[in-house]
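Protein sequences, first through last, are from chains S and F.
So the first sequence is numbered by the numbering used here: it starts at -5 and just counts up by one.
So the second sequence is numbered by the numbering used here: it starts at 35 and just counts up by one.
If you're looking for bench data, these hints aren't it; they were derived computationally from the structure.
No residue lacks a Cβ here, since even glycine has one placed at the ideal position from N, Cα and C.
A couple of the hints might just be wrong.
With a Cα cut of at most 20 Å, we get these calculated DMTMM-like pairs of lysine to aspartate or glutamate [claimed, not checked]:
1) F:Lys205 to S:Asp268
2) F:Lys204 to S:Asp170
3) F:Lys204 to S:Glu164
4) S:Lys83 to F:Asp134
5) F:Lys204 to S:Glu107
6) F:Lys205 to S:Glu134
7) S:Lys83 to F:Glu237
8) S:Lys68 to F:Asp73
9) S:Lys68 to F:Asp206
10) F:Lys205 to S:Asp183
11) F:Lys148 to S:Asp183
12) F:Lys148 to S:Asp268
13) S:Lys83 to F:Glu140
14) S:Lys251 to F:Asp134
15) S:Lys83 to F:Asp73
16) F:Lys204 to S:Glu105
17) F:Lys205 to S:Glu256
18) F:Lys204 to S:Asp85
19) F:Lys205 to S:Asp85
Residues from chain F that face chain S, not an exhaustive set, calculated with beta carbons under 7 Å [claimed, not checked]:
20) Asp73
21) Phe133
22) Ser136
23) Lys205
According to the in silico footprint, chain F covers these stretches of chain S (three or more CB under 8 Å from chain F) [claimed, not checked]:
24) 79 to 93
25) 276 to 289
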Amino acid sequence: MPRPWSKSILIAPSDITPEDKFLSRRTLLAGGFGIAVAHALGVERRAFGEDTSGALAVTRNTEYSVTEAANSYKDISTYNNYYEFGTGKSDPAENAKQFRSRPWNVTIDGECEVKGTFSLEDILKPHSLEERVYRMRCVEAWSMIVPWVGFPLADLLKRFKPTSNAKFIEFRTLLDPKEMPGERGSVLDWPYIEGLRLDEAMNPLTLMTVGLYGKVLPNQNGAPLRLIVPWKYGFKGIKAINHIKFVERMPVTTWAKSAPSEYGFYANVNPAVDHPRWSQATERHIGGSFFDQRRPTLAFNGYGKEVASLYTGMNLKTFF
Amino acid sequence: MTAATRSLLKALVFIACLGPAIYLLVGAFGLWGVSLGADPVQEMLHTCGNWTLKFLLITLCMTPLRDLARTTFWLRFRRMFGLFAFFYVILHFAVYIVFDQSGQLETVWQDIIKRPYITIGMLALLLLIPLAATSTASMQRRLRRRWTQLHRLIYVIAVLGVWHYWWGVKKDIREPLLFACVLAVLLGYRVYKQHQSKAQVREVAAHSRA
């Protein structure tokens, strides 16, 4: 059975972006951002192979990458839905500049044997990073292709020895209105909460993400630690995670709570189930020309071979 | 004010009203560092829709301004503002069909009949057409009282337009709420005025009986 990415030879970031642009961006980032990151990381940075320019030691995962050309770093880092930093698409790039994503702690608790609060460095230390070029489909019917850097969430979760009561994973974003200006308003219930069923969390596609285009994640893309679940709508990809909890009951997630008729817990990409106010059958791909046709949206965002079996027997119109 | 000053002023206002369209045109070609961002189609769609509503509200401001400032100066611009609302709503619709929906008329039609916020937006656009068509001075003369009656449709159109915006946003309703508040004040003013003039009529009638 051919997978959508089976014939792929992974595209390195340097192949996707014209080389001159890629290099000039490197120089640019090395100037400010990179130095700041290096300072924040101190000695620990060597533990996960990060150099002074913010570049990460990354192995490409060819099996889990699509062959389509990735969107530019600029598009990916200036067109963001991240309400903690404002509701406009360009707000996060503007308002997250001062955000301190290091030092960072993550609390892991609930139905697991190993609990506690860990530094980001401790969280990341045992994992080797891989690059995966994933499709990203927003519930607003636009899409991008993004070269993420991360490691399987399953590998992280196993370290904390979930008990037999652990049926779901709940993730929370930092709650700090001083650091995150959007949290001073009430457009959503803060902190942002997301969740996955345990088997979804353990699926090899589910990626704990720390980087983009071979570098440390920019703040507006969810630094220092975010979730990527490529077969689900983008809002499942919770950003700036500081709490992971193993739970028995399905978590009440932020968007599902905010508008239960419009956003479900599962939020699997599904062209057959429309949002009540717009069609999900097609998507507009970011970064093309004005005259590009809308693209047909794929069931499970094209990852059906990997994940459709998770939902056998479920009515996906009910559990949208 | 001399005729020359008046036409100069009108020309300046006209150019200013073209500002958003010029921004979109320049941005679409990426000239002089102007960019419409990562999703230029969305930016065009929203900018045009937004300015349609702004011009509708500006048009509705002209009568209260006349009453408050006791000068008919403002009314000279009312037709221009109204026609700019029409201009931007046509652009909004054109961007939606041609770029956002890639010219798929069947999908557009499905959207119009299936999605309430698009239905009312479409209705508002259709209602604007007779107003734009009868906006000339000669039509105004020809239709007389009927012209005034017809052009009261602007109240309905503005309500539908703001409603369309409110229903269309994902979650952050602050801006549609602001538009709704301004519209409520402008429509409230007219209700108040009508109430006042009725009261006056009653008073006069009472006096004449006495």
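Violated hints, by number in ascending order, as checked against the structure: 2, 3, 5, 7, 9, 11, 13, 14, 16
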